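With these hints in hand, go ahead and build the complete structure from the sequences.
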Amino acid sequence: MSDTQGDTRRETAGLLEIQGLKTQFRTRRGVVPAVDDVSVSVGRGEVVGIVGESGCGKSVTSLSLLGLVTHPGKVVGGSALFDGVDLLTLDNKGIRAIRGRDISMIFQEPMTSLNPVYTVGQQVSECLRSHASGVSRKAARASVEEMFEMVGIPEPRARLDAWPHQLSGGLRQRVMIAMALICKPKLLIADEPTTALDVTIEAQILALMKDLRRDTGTAIMLISHNLGVIAETCDRVYVMYAGRVMEEAEVFELFDSPTHPYTRGLLASMPRIGGERGPRKPLYSIRGNVPDMQQLPKGCRFAPRCDFAMARCVESEPPLLDASHATGNPGGKPHLSRCWLAEASGAGGQQ
Amino acid sequence: MGRYIIKKLLISIPVMFGIMLTTFFLLNVIPGDPIALMMKDHISVDVVARVRAQMHLDDPVFIRFFRFLGGALHGDFGISYKLNRPVSYLLATAFPNTLALALSAALVSWIIGIPAGILSAVKRYSLVDNFFMGFSVLGVSMPVFWTGLLFQYIFSLKLHLLPVAGFKGPLYLIMPAIVLGWSSAGTIARLTRSSLLEVMRNDYIRTARAKGLREIAVVVRHALKNSMLPVVTVMALQVSGLLSGAVITESVFGIPGVGRIAVNAIQNRDMPLLQGSVVLTTFLVIIGNLTADIVYSWLDPRIRYGNPEGKK
Numbered sequence: 001m002s003d004t005q006g007d008t009r010r011e012t013a014g015l016l017e018i019q020g021l022k023t024q025f026r027t028r029r030g031v032v033p034a035v036d037d038v039s040v041s042v043g044r045g046e047v048v049g050i051v052g053e054s055g056c057g058k059s060v061t062s063l064s065l066l067g068l069v070t071h072p073g074k075v076v077g078g079s080a081l082f083d084g085v086d087l088l089t090l091d092n093k094g095i096r097a098i099r100g101r102d103i104s105m106i107f108q109e110p111m112t113s114l115n116p117v118y119t120v121g122q123q124v125s126e127c128l129r130s131h132a133s134g135v136s137r138k139a140a141r142a143s144v145e146e147m148f149e150m151v152g153i154p155e156p157r158a159r160l161d162a163w164p165h166q167l168s169g170g171l172r173q174r175v176m177i178a179m180a181l182i183c184k185p186k187l188l189i190a191d192e193p194t195t196a197l198d199v200t201i202e203a204q205i206l207a208l209m210k211d212l213r214r215d216t217g218t219a220i221m222l223i224s225h226n227l228g229v230i231a232e233t234c235d236r237v238y239v240m241y242a243g244r245v246m247e248e249a250e251v252f253e254l255f256d257s258p259t260h261p262y263t264r265g266l267l268a269s270m271p272r273i274g275g276e277r278g279p280r281k282p283l284y285s286i287r288g289n290v291p292d293m294q295q296l297p298k299g300c301r302f303a304p305r306c307d308f309a310m311a312r313c314v315e316s317e318p319p320l321l322d323a324s325h326a327t328g329n330p331g332g333k334p335h336l337s338r339c340w341l342a343e344a345s346g347a348g349g350q351q
Numbered sequence: 352m353g354r355y356i357i358k359k360l361l362i363s364i365p366v367m368f369g370i371m372l373t374t375f376f377l378l379n380v381i382p383g384d385p386i387a388l389m390m391k392d393h394i395s396v397d398v399v400a401r402v403r404a405q406m407h408l409d410d411p412v413f414i415r416f417f418r419f420l421g422g423a424l425h426g427d428f429g430i431s432y433k434l435n436r437p438v439s440y441l442l443a444t445a446f447p448n449t450l451a452l453a454l455s456a457a458l459v460s461w462i463i464g465i466p467a468g469i470l471s472a473v474k475r476y477s478l479v480d481n482f483f484m485g486f487s488v489l490g491v492s493m494p495v496f497w498t499g500l501l502f503q504y505i506f507s508l509k510l511h512l513l514p515v516a517g518f519k520g521p522l523y524l525i526m527p528a529i530v531l532g533w534s535s536a537g538t539i540a541r542l543t544r545s546s547l548l549e550v551m552r553n554d555y556i557r558t559a560r561a562k563g564l565r566e567i568a569v570v571v572r573h574a575l576k577n578s579m580l581p582v583v584t585v586m587a588l589q590v591s592g593l594l595s596g597a598v599i600t601e602s603v604f605g606i607p608g609v610g611r612i613a614v615n616a617i618q619n620r621d622m623p624l625l626q627g628s629v630v631l632t633t634f635l636v637i638i639g640n641l642t643a644d645i646v647y648s649w650l651d652p653r654i655r656y657g658n659p660e661g662k663k
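Line order of the protein sequences matches chains A and B. Once you know that position 251 of the first sequence is 251 in our numbering, the rest is easy, because the numbers rise by one and skip nothing. Once you know that position 115 of the second sequence is 466 in our numbering, the rest is easy, because the numbers rise by one and skip nothing.
Please note that the accuracy of each hint is not assured.
Capping the alpha-carbon separation at 20 Å, the derived lysine to any residue pairs in SDA-like fashion look like this [stated by the list, open to error]:
#1 A:LYS74 to B:ARG557
#2 A:LYS93 to B:ARG565
#3 A:LYS93 to B:ILE556
#4 B:LYS576 to A:ALA162
#5 B:LYS474 to A:HIS71
#6 A:LYS93 to B:VAL571
#7 B:LYS474 to A:THR70
#8 A:LYS93 to B:VAL569
#9 A:LYS93 to B:ALA568
#10 A:LYS93 to B:ARG557
#11 B:LYS576 to A:HIS165
#12 A:LYS93 to B:LYS474
#13 A:LYS93 to B:ARG572
#14 A:LYS74 to B:ARG475
#15 B:LYS358 to B:GLY639
#16 A:LYS74 to B:SER477
#17 B:LYS519 to B:PHE506
#18 B:LYS474 to A:LEU68
According to the in silico footprint, chain B covers these stretches of chain A (three or more CB under 8 Å from chain B) [to be verified]:
#19 97-107
#20 127-138
#21 162-170
Hints in this document: simulated from the structure, not taken from any laboratory. Since we're looking at a predicted model, the values are computed, not measured. Every residue gets a Cβ at the ideal spot worked out from N, C-alpha and C, and that includes glycine.
Below is the structure:
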């Protein structure tokens with residue numbers, strides 16, 4: 001589809017380059033900087049994870065890309081180059097042409113994400129027909145059936161006329177995935193796609209997403225609070241906290257040698273069978289609470305909860321520093337950490 | 352679907368019976384002798400007694416009820432005391448007028464109310480929203496007799512555009528339909544607005560937007576159908592109400608309808624006529640509710656398929 005757009009696009013290495021994204025919610029009590037200077041890149045065919053606690057801004061980041069942040073939220077800064085086009089500067093018509101065609105989304109709640117008054121076949125073919133003009137009803141129906149088959153919906157033809165309430169959560173999420181993929185997008189944003197599902201169904205859906213990436217080459221931005229899901233699926237991971245990216249690394253490196261104390265805390269708070277903590281010890285949890293987004297600390301946002309906090313951490317916030325030296329893997333893929341410790345143990349940083 | 356309707360119809364039989372029973376006994380205990388009212392003062396006690404006996408008014412109330420019920424099943428509601436004509440004839444003559452008024456008023460209220468509600472919801476807090484909501488507050492709060500007189504003054508007496516009152520053709524219907532429709536339109540507009548705003552917060556609206564649909568398609572195709580359930584309820588109730596007689600409007604505009612018949616029957620203690628109007632009203636309300644039920648199941652497949660999830 002990119003060739004139809006001509007040569008006006010600036011060539012970029014990756015598929016998506018988000019630079020310094022800022023999204024704020026202006027409430028009566030003040031401004032909430034939900035996403036504060038976030039930079040994320042996704043390569044073609046790459047699966048990128050964004051992980052963090054509730055309210056860290058991971059969902060808002062994805063909604064900002066497609067202009068789906070609702071009032072009182074507003075994107076106030078940054079850029080998001082997708083195939084060389086800045087999504088944040090597109091008008092309504094421009095972004096609509098991208099939504100569902102080049103970038104599609106699946107959401108957390110398959111139970112409520114489908115409209116109860118239309119059949120699932122209607123809802124999926126609507127997506128196709130709104131982007132590809134001149135597709136007959138019959139042809140659309142055939143493609144939807146094919147798509148249903150591809151995402152592993154049993155009896156796809158009969159399911160076309162099923163109502164959402166007649167399907168289980170797992171099937172509904174498969175319908176959502178079929179809807180997201182029907183236009184063969186370049187990027188699929190999956191916002192907590194398995195959080196509402198049973199563990200067995202979760203495994204199936206994750207396997208399905210991996211297969212689809214392999215077969216179609218669609219890049220995936222996977223948003224989750226679940227480190228297990230991230231580890232299972234992603235190539236590269238961004239760890240977010242209080243609207244900021246705290247650490248960025250390849251998935252194996254992040255899990256093997258996390259450098260940011262927040263990432264370490266997250267990993268330590270994962271329950272493990274027969275882990276080093278022993279069966280009787282209580283599960284580790286990061287002390288304190290997520291900061292009030294309207295009264296963020298002056299220095300590092302994690303400092304008040306950090307076991308390694310120094311005087312410097314309270315004074316000034318670290319930039320994303322190169323942490324590859326700390327992990328004994330210099331010169332590899334970038335490993336960035338927003339922590340002064342990374343500077344102390346390594347060489348120079350990246351602003 | 353057919354079974355669903357039949358079930359609803361069967362349930363309405365005991366409802367009809369209960370309403371007939373209640374009104375019959377209530378009308379029996381209200382003070383005022385119909386014969387005395389009918390005959391005025393210049394008739395002797397003997398004559399009154401004879402007429403009462405002739406009309407079986409001295410029989411026990413149960414016997415009279417079953418006699419009434421038996422007649423009603425054959426469509427015979429007796430003879431009006433005051434007008435001395437069959438009740439069914441009187442109602443059948445008045446009802447078309449009421450039907451014409453009610454349907455045109457309902458049409459006016461839907462044509463104004465639903466689009467006004469949609470625009471207000473989509474352009475929330477805007478000038479358009481404020482205008483339509485002010486317009487609907489006016490409609491709801493201004494009494495119909497006053498709006499009616501105002502319209503008559505402006506459009507008939509001053510501008511000579513429409514006939515003042517009476518009922519001799521479609522032209523006579525315009526003013527009463529607008530006056531009556533406006534007051535219903537206010538309720539419908541407010542309800543459409545709030546229901547639509549509620550639905551627009553749903554996850555599937557975000558899905559529809561994420562598909563790349565135009566905003567108008569999101570609102571009309573994905574939000575409107577879901578938001579019409581409470582609106583349909585009120586529309587059905589309003590139509591039933593309008594059909595059972597918009598007494599005030601009928602009086603202001605001199606339309607010989609069911610409402611005026613019922614009010615006159617009450618004043619004259621004209622039991623058969625009153626009883627007949629109540630039965631007619633009950634029947635219309637039941638039909639109205641049944642229509643609403645059918646529209647519901649058309650709007651929401653969860654109701655059609657009897658899924659408990661539909662009742663959220």
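Here is what the structure says about each hint:
no.	hint	verdict
1	A:LYS74 to B:ARG557	16 Å, holds
2	A:LYS93 to B:ARG565	8 Å, holds
3	A:LYS93 to B:ILE556	18 Å, holds
4	B:LYS576 to A:ALA162	18 Å, holds
5	B:LYS474 to A:HIS71	13 Å, holds
6	A:LYS93 to B:VAL571	18 Å, holds
7	B:LYS474 to A:THR70	14 Å, holds
8	A:LYS93 to B:VAL569	14 Å, holds
9	A:LYS93 to B:ALA568	13 Å, holds
10	A:LYS93 to B:ARG557	17 Å, holds
11	B:LYS576 to A:HIS165	16 Å, holds
12	A:LYS93 to B:LYS474	19 Å, holds
13	A:LYS93 to B:ARG572	19 Å, holds
14	A:LYS74 to B:ARG475	17 Å, holds
15	B:LYS358 to B:GLY639	15 Å, holds
16	A:LYS74 to B:SER477	19 Å, holds
17	B:LYS519 to B:PHE506	18 Å, holds
18	B:LYS474 to A:LEU68	17 Å, holds
19	97-107	holds (count 8)
20	127-138	holds (count 3)
21	162-170	holds (count 3)
The earlier numbered hints are all upheld by this structure, with none contradicted.
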